[in-house]
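J.: Note that the protein sequences, when read in sequence, are chains A and B. Under my numbering, the residue at position 164 of the first sequence is numbered 164, and the numbers go up by one with no gaps. Heads up, my numbering is the position in the second sequence plus 339, with the first residue counted as 1.
Just so you know, these hints were derived from the structure itself, not from any lab.
Below, a list of computed lysine to any residue pairs in the SDA-like style, where the Cα atoms sit at most 25 Å apart:
#1 A/Lys223 with B/Ala481
#2 B/Lys564 with B/Thr478
#3 B/Lys571 with A/Glu317
#4 A/Lys104 with A/Asn120
#5 A/Lys223 with B/Leu577
#6 A/Lys123 with A/Ala160
#7 A/Lys190 with B/Gly527
#8 B/Lys547 with A/Asn64
#9 B/Lys564 with A/Asp316
#10 A/Lys115 with A/Met138
The model shown is predicted, which means the values in this text are computed figures rather than measured ones.
Number of protein chains: 2
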Amino acid sequence: MIVKSLRSYSRQSRCFGVFAIILLGLGVLGGGVYADPLPSWNEGPTKQAIVQFVRTVTDKSSPNYVPPEQRIATFDNDGTLWCEQPTYFQGFFTFDRVKTLAPKHPEWKEKQPFKAILENDMKALSAADEKGIGEILMTTHAGMTTGEFEGIVREWFATARHPRFNRPYTDLVYQPMLELLGYLRENGFKTYIVSGGGVEFMRPWTEKAYGIPAEQVVGSSIKLKFEMRDGKPVLMRLPEIDFIDDGPGKPVGIQKFIGRRPVAAFGNSDGDHQMLQWTAAGEGLRFMLLVHHTDAEREWAYDRQSPIGRLDKALDEAQSRGWTVVDMKKDWKRVFPFQ
Amino acid sequence: MIVKSLRSYSRQSRCFGVFAIILLGLGVLGGGVYADPLPSWNEGPTKQAIVQFVRTVTDKSSPNYVPPEQRIATFDNDGTLWCEQPTYFQGFFTFDRVKTLAPKHPEWKEKQPFKAILENDMKALSAADEKGIGEILMTTHAGMTTGEFEGIVREWFATARHPRFNRPYTDLVYQPMLELLGYLRENGFKTYIVSGGGVEFMRPWTEKAYGIPAEQVVGSSIKLKFEMRDGKPVLMRLPEIDFIDDGPGKPVGIQKFIGRRPVAAFGNSDGDHQMLQWTAAGEGLRFMLLVHHTDAEREWAYDRQSPIGRLDKALDEAQSRGWTVVDMKKDWKRVFPFQ
Numbered sequence: 001m002i003v004k005s006l007r008s009y010s011r012q013s014r015c016f017g018v019f020a021i022i023l024l025g026l027g028v029l030g031g032g033v034y035a036d037p038l039p040s041w042n043e044g045p046t047k048q049a050i051v052q053f054v055r056t057v058t059d060k061s062s063p064n065y066v067p068p069e070q071r072i073a074t075f076d077n078d079g080t081l082w083c084e085q086p087t088y089f090q091g092f093f094t095f096d097r098v099k100t101l102a103p104k105h106p107e108w109k110e111k112q113p114f115k116a117i118l119e120n121d122m123k124a125l126s127a128a129d130e131k132g133i134g135e136i137l138m139t140t141h142a143g144m145t146t147g148e149f150e151g152i153v154r155e156w157f158a159t160a161r162h163p164r165f166n167r168p169y170t171d172l173v174y175q176p177m178l179e180l181l182g183y184l185r186e187n188g189f190k191t192y193i194v195s196g197g198g199v200e201f202m203r204p205w206t207e208k209a210y211g212i213p214a215e216q217v218v219g220s221s222i223k224l225k226f227e228m229r230d231g232k233p234v235l236m237r238l239p240e241i242d243f244i245d246d247g248p249g250k251p252v253g254i255q256k257f258i259g260r261r262p263v264a265a266f267g268n269s270d271g272d273h274q275m276l277q278w279t280a281a282g283e284g285l286r287f288m289l290l291v292h293h294t295d296a297e298r299e300w301a302y303d304r305q306s307p308i309g310r311l312d313k314a315l316d317e318a319q320s321r322g323w324t325v326v327d328m329k330k331d332w333k334r335v336f337p338f339q
Numbered sequence: 340m341i342v343k344s345l346r347s348y349s350r351q352s353r354c355f356g357v358f359a360i361i362l363l364g365l366g367v368l369g370g371g372v373y374a375d376p377l378p379s380w381n382e383g384p385t386k387q388a389i390v391q392f393v394r395t396v397t398d399k400s401s402p403n404y405v406p407p408e409q410r411i412a413t414f415d416n417d418g419t420l421w422c423e424q425p426t427y428f429q430g431f432f433t434f435d436r437v438k439t440l441a442p443k444h445p446e447w448k449e450k451q452p453f454k455a456i457l458e459n460d461m462k463a464l465s466a467a468d469e470k471g472i473g474e475i476l477m478t479t480h481a482g483m484t485t486g487e488f489e490g491i492v493r494e495w496f497a498t499a500r501h502p503r504f505n506r507p508y509t510d511l512v513y514q515p516m517l518e519l520l521g522y523l524r525e526n527g528f529k530t531y532i533v534s535g536g537g538v539e540f541m542r543p544w545t546e547k548a549y550g551i552p553a554e555q556v557v558g559s560s561i562k563l564k565f566e567m568r569d570g571k572p573v574l575m576r577l578p579e580i581d582f583i584d585d586g587p588g589k590p591v592g593i594q595k596f597i598g599r600r601p602v603a604a605f606g607n608s609d610g611d612h613q614m615l616q617w618t619a620a621g622e623g624l625r626f627m628l629l630v631h632h633t634d635a636e637r638e639w640a641y642d643r644q645s646p647i648g649r650l651d652k653a654l655d656e657a658q659s660r661g662w663t664v665v666d667m668k669k670d671w672k673r674v675f676p677f678q
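Next comes chain A alone, as it looks inside the complex (with noise of 0.2 Å):
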């Protein structure tokens, strides 16, 4: 039996190598005019408007020509390149922190918000007002050098699991928007992720998950002070906030670490409203898109009332505008690369 299936697995491989030759060999002669660059796209106006884009800036006969060094993509990244629910994934990373760090401090028993964490008390944590929040993240995010805080974020991402799916975090990115990335990037385009999450909450591994490089992630920070500690130069992490990349905060951190301002700008919520006005509102042609949360079925379904990820103000302006606003449901074959 075992015998009988083997030979037939192996004759199936056979054939299917046969298969596999002669499409490669299609897919060499195709080039690449017949290789599609998005195939977890559908079909239709959105991935039309992707493709119509990049070949317009990349093609040097047209009048909207964009030089290679001036292609400058930048990417939200909660919601826009891996998903955002049920809260930001630094938002469990803060939580299991709370728990991890709470034996040395049994006064947290007691005292909210970190109280409602210990007791995942989700109402109560609502409750918190900005100075229980801004304690938590000081908390959980500072008081240790930038080499100690990488490997506690290493620790976390290479253990937690998302509640609903039970994948580590970064399985969680879109099939889609990884292609998205790479097509833009075959094409010449230097890709940013322009985030309000902590920077040196992505950076550990942009590079593998997105293929976007320490150096190109611009996010929210806290201030760092340079130190001699026995003999040896370290970064501290300091409970001080200096840099909010949200909102209107978005297009300051574009100046601020690029210097240049975008020719395609990608978001999903009103924290990426500013990012794409000050994207279209450079000369030439640009690019600007929003990914609509659509499917409740594959990811979630959200929009204008979600505490989280909230769209609406940045929807009516990309309605009224004409900007390309990506059905989930409708415009991804596929949300997730496990898919």
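Since the structure of chain A is provided, determine the placement of chain B on it from the hints.
T.: Here is chain B on its own, set in the frame of chain A:
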């Protein structure tokens, strides 16, 4: 006479052409082995140290091999890539801005330190306190959009001339350092500027002068604010310091903007000391270099006592730890491209 001269020129040209072809042939045959990537550097231990470092970290069989994505090299600007005497070039820019704006500010005629600038009274200017200097900087660098400031900077560089050399400031870049930048890039390094100078004062011209694009320039900055002006988004430059990229600020700037520790760092003053310490403290082989200004004839000679570009503590550490120190007079065959 003209005909004869032309004939002679034509004969010379032909001879030169043949000669050039032979040279080119030798060059091509010689390939990378014999071509000197650093022709403006005299042979000696400094040049040897540079070449040895680059060969080692790019040699896959070496235990000190560094993968390309980690090949980050950071360069100070003032005094390392271009001159900084008799004062920082951004100082000259600032004086010129004060003079340009003076007609709209009749009160400056009697108000220090503006008065000192208008009267070219460097002694009175050097007596100005931090508040006065801050006021001058903010008056000349803030209160306009990023686009307007870029225009002002471009205009200044197009017209201003250095007092000693009577040339555009961007002519006063060091030929040996241009070759070093190119040599590192040919070997897979990403080259960055990490300067105490204003980031938006540098970005408009670093690509052309150094081959370093805007997004690879780290510098000091003032705060920016996103605003809508007549329905168009702008970034206003606010009269408030955002970040000082000097001394202990340089490792901070490197971590904020690049997010990776350099494997090679290049400076010339105590303002670069911590950048070199931070670089040296990384694992594996690292390269630290200081440009020592020893050439009063071709450039300037200054170090421990200089108010501009003081090199004192960093020189001591370089000597005790074996960092590479360029003796400009001895190590550089040529200082400027125009010589």
